Every structure is written in C-alpha cells, then in structure tokens.
Amino acid sequence: MAITPLVPGLSASILINGVPAPELTDPEPQIPSPTHPNPKVSAYQQAHTVTSYIKCTANTRFSILLTVEEPIRTEFAGIRRMKWAKLGFEITIDGNKVPTEKCTRPWFNKNPQKETWKCIVKGVKVGKGKSCFIREFEFLKVETSEFFLPEKKDEIGNRSVDSERIEKAEIERMRQCMQDIGIIEIKAYAENYGKKGGDMEDTTEDFLDEDQEEIHEKALKGEAKDHGTGLRRARKVARGEFWRTEKIDGEDYPLAIFKFIYRSEEALKQMLIIPRTPSPSPSPESDEEGEEQEDEEVDELTPAQKRVIQSLRKEMLKGNRTRNVASSSRSTPGRGTLGGNRVSKVKKEQTSDKLNPPRKSQQSTRRRKERGGKAVVIDLVTDSENEDDESLFAQQ
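For what it's worth, our numbering labels the leading residue of the sequence shown as 1169, then goes sequentially.
For the record, the hints were derived by calculation from the structure and aren't laboratory data.
Mixed in with the good hints, there may be bad ones.
Once the Cα atoms are required to be at most 27 Å apart in a straight line, the calculated DSSO-like pairs of lysine-lysine come out as [to be verified]:
#1 1282 - 1251
#2 1286 - 1296
#3 1286 - 1265
Predicted model only: the values in this text are computed from it and were never measured.
My request is simple: use the sequences and hints to build the entire structure.
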C-alpha cells in the first residue's frame, strides 16, 4: 500500500486477482524528469509523488484500491468531520482517464462509526442509469517486432523518399502511444461540494486490445516496456454517484500523487529493480559429465576417425614431453657455472672443426700429440693407388 506522509490517512494500492500486489522501490532512484513547464509546479509535484513498481503477468485482472482513513478528518465546532467537502481522485492508466467515485464529507457524517472509506476501481464505466456497463482492467503483453511498412522503390530499386518519410512518421506515432504505457497514476485533489449528475467520458477505445498492432522496437528506444492495460468484455453494473466538482487548489496542485509502474519480472530485472539471478558456476561433476559426453562422442566415430584422433593425441603428448625435458635442462642449477671454460672450449673446437675439417694425417698427428708422444707421419696411400698412377702414366 502506497502512503504519503504529506496527507496522513490517504493511501492507494493495486490489487491483482483481489490480492494487494507487492510494491517495490528503486534501490538507486534517478532524478525525476520535469512534470510541468513551470519549475515551481514541477518541484511541487515531484515532492508530492510516491512511486512504486509492481510485477505483472499478461492476461491477469487487476483493480485499484483507494482508502481514506480517520487521520484525514479534523474537529470542527466539536464535531469530527472531513477537512474538505469532497476528496476527488483522477486516475490515468497508460495516459487514459478513468472516471471514479469521490470520497464525500456526508459519507462520514452518515457513518460516524466507520473510520475508513474504501473504493475499489475495477474498470471503466460507460453509460447512464440501468444501461451502465463496466469493462474491467487486465494486463496485456505488448508485442514488438522489427517490421517495416511496405516500401516504395524508384525505377533503380532504391527506397523512395516517401517510404522513409512515412516510416519515420509511423515510428514517431508509435512512440507517442507508448510514452505513457505501463504507468498507473492516481492524483488526489481537494474539491468543493459541486453538483450531482453528469456524463462520464468514454475512454474505452484508447486502451489496448488483443488485436493491437505490433510496436516497432525503434519506438521503444531501448525502454523495458512489455505490458499495457486492456479491457475485458462489458457487463452490466450499477452506475453509482457521479459529481461535477471543481479543484480548490487548481489542476497543478494535487494533495498527493501515487504512481505505479508495472512491468514483467524480466523487465524489472533489466531495470535493476529486481536483482538478477546469478548464473551457477561449473562444478567438478559437470566437468566429469563433459568428459563422459566427449568419450561418448568419440565412441560414435568410425575406426578411421578414431585412429586419426589417437595419432593426434600421441603427437600432442610427445610434444609436451619434449618441452618438459628442454625446460628442465635449462633450469638445472650449476650447469652454466661449473666447468664453464671446458664447455666453451669444446663448443669452440666443434665449431672450428665443422668450418675447417682437418685431413686424416692431421687428425692422426693431433691425436698423437694429445697422447704426449712424438709426431709420426703415416703414409695413408695404398699400393693399389700407386699402381693405378703408374698405369695412367704408361698410357700417356
């Protein structure tokens, strides 16, 4: 139930299927946009506004409960009476006005033992006397799409200027229609006694219906608006009292403003009114299930495909072992310090040998020197080679 400290005893709430809907507040309220061109009027209305959020579901009936309790009454000439002659309520749903009854001073005078006046607004009343009907409120889902109007193209095949102009105008029209969608606003006014009777304005055609056109997503401009208010089938009902009154403080200065913003649960999560459900972290069991699923997928392969996968696995394991051995040899302590001169000397000799390979006689002489003996020259030329040379000279 939404209450205001500025007017004790005055409250309003939304009933969904006859049960008060839980009211949510914005954890990080934003600066409200101006409600009137006059800054003073806008500041007054913002200070007298109570905003709540409610969760709605498509094709669900709802109603509005208005309550006036004892604190709003004052003592005058020793008699407890309501402060104003009448307390009027101006209800707008999705920007459409809804006629309703008024809380009157005579009601409290006729019911001195009753401390609370209640009125449940279930829908829009239309007609007079015995021919009065009511169409009850219900939430309807707003269908959106990315459709475009039938395009007009020129001879080359490009879109004509008329198509672009019509499309922009149509999106702007939809945007204006969606501007007040999803908002129930109740303004309470101090009013004079007025006159009884009069006609009620028929606003039933302005509400949504099940055959409502789809709204282009560009018309929403990223706003989380997914539900509106529709009206159910008409049924007969008593008209009740209807008064023509005047507002004592004027149209711009209501006593209180109750604003209910209704959205689906998912839309409220997008608006951060309801905290989002955190995604569960993967558990070890899920990893095991994933491995089992992978094994099952491998079992379904052909023998040739299995052999390819096994060979790829072996190559991957072999590459991992090679990298591990190389990294361990580089990280072994002392390999680069002890015997460092010897290692560098060996590397130098190996390099020089590769660039200038010695002949066999030089290799033999060097080996003898390394052993500490005297240098011995060994003739490695065989007798067969000498005979070949002699025969060659003989032929010449």
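Each hint, compared with the structure:
no., hint, in the structure
1, 1282 - 1251, "holds (16 Å)"
2, 1286 - 1296, "holds (23 Å)"
3, 1286 - 1265, "holds (20 Å)"
Every hint, counting from the list given before, is met by this structure.
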